[in-house]
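Trainee: Going down the list, the sequences are from chains A and B. The opening position of the first sequence corresponds to residue 1 in the numbering used here, with each subsequent residue numbered one higher. The opening position of the second sequence corresponds to residue 1 in the numbering used here, with each subsequent residue numbered one higher.
Copies of the same chain look alike in the list, so a pair counts if it fits in one copy or across any two.
In silico EDC-like pairs for lysine to aspartate or glutamate, Cα to Cα no more than 20 Å straight-line:
#	residue 1	residue 2
1	Lys4	Asp67
2	Lys30	Asp49
3	Lys4	Glu71
4	Lys4	Asp28
5	Lys30	Asp47
6	Lys4	Glu83
7	Lys87	Asp3
8	Lys4	Asp49
9	Lys37	Glu74
10	Lys37	Glu72
11	Lys87	Asp107
12	Lys4	Asp65
13	Lys37	Asp67
14	Lys4	Glu118
15	Lys30	Asp3
16	Lys87	Asp15
17	Lys87	Glu39
18	Lys87	Glu74
19	Lys87	Glu72
It should be emphasised that the hints constitute simulated quantities derived from the structure, not laboratory data.
2 protein chains.
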Amino acid sequence: MDDKIDLAAKLALLDQPYRPGIVGYLNDYKLVVVKVKGEFVWHAHDDTDDFFLVLRGRLTIQLRDRDVVLEEGELFVVPRGVEHCPKADVETHVLLIEPRGTVNTGDAGGALTVGELEI
Amino acid sequence: MDDKIDLAAKLALLDQPYRPGIVGYLNDYKLVVVKVKGEFVWHAHDDTDDFFLVLRGRLTIQLRDRDVVLEEGELFVVPRGVEHCPKADVETHVLLIEPRGTVNTGDAGGALTVGELEI
Chain A
1 MDDKIDLAAK LALLDQPYRP GIVGYLNDYK LVVVKVKGEF VWHAHDDTDD FFLVLRGRLT
61 IQLRDRDVVL EEGELFVVPR GVEHCPKADV ETHVLLIEPR GTVNTGDAGG ALTVGELEI
Chain B
1 MDDKIDLAAK LALLDQPYRP GIVGYLNDYK LVVVKVKGEF VWHAHDDTDD FFLVLRGRLT
61 IQLRDRDVVL EEGELFVVPR GVEHCPKADV ETHVLLIEPR GTVNTGDAGG ALTVGELEI
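Isolated chain A (complex conformation):
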């Protein structure tokens, strides 16, 4: 992982929504791409903020008091401890940055929980 990373090429390796792939690292953080379609699960990360940058499509990050709608080239950082639930009507490509070991479903767990996979 010491070469440049073409995010679109990495995303092309993913065939299902909500199956994130690690494309690189920044110190103790993992750089992750994921396809989003449909609704994820409400969850929070008590120990870390959560970075979302939309590369393609449109992502709605539902918060308990409002929705944040991200178009291409827009990013949002969900503060630690804040419940959120991503969703997208069209297939949407997202760059996530989180500390290594962060579980995708946070405190919620459940069927959408997946391990860390490098692609």
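Could you slot chain B onto chain A? The hints should help.
Mentor: Just chain B now, with coordinates in the frame of chain A:
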């Protein structure tokens, strides 16, 4: 800084190359946009990796043994301690992610060193 961040709109606020603006934070990291044109200065960051994502244009990250050329949607993480010197022939827009307090010119200092500015 609790709302979404439109990176293109933030970049439009910058009027000079190599004058970075902080657009948000992720835990102890700053999220920075910068316009690149011409050559920067050779430097290294001994304590941190250095994240570059090209949003527009083409960025060459010169390393001592090779060049890494990044097009739009490509990213590269310069490992800590590795000397590098960014350059761009056309105005190029970049997202940087670094620990708060990271100096833009690393160990080199000099005229291109600037403080941290939120935009």
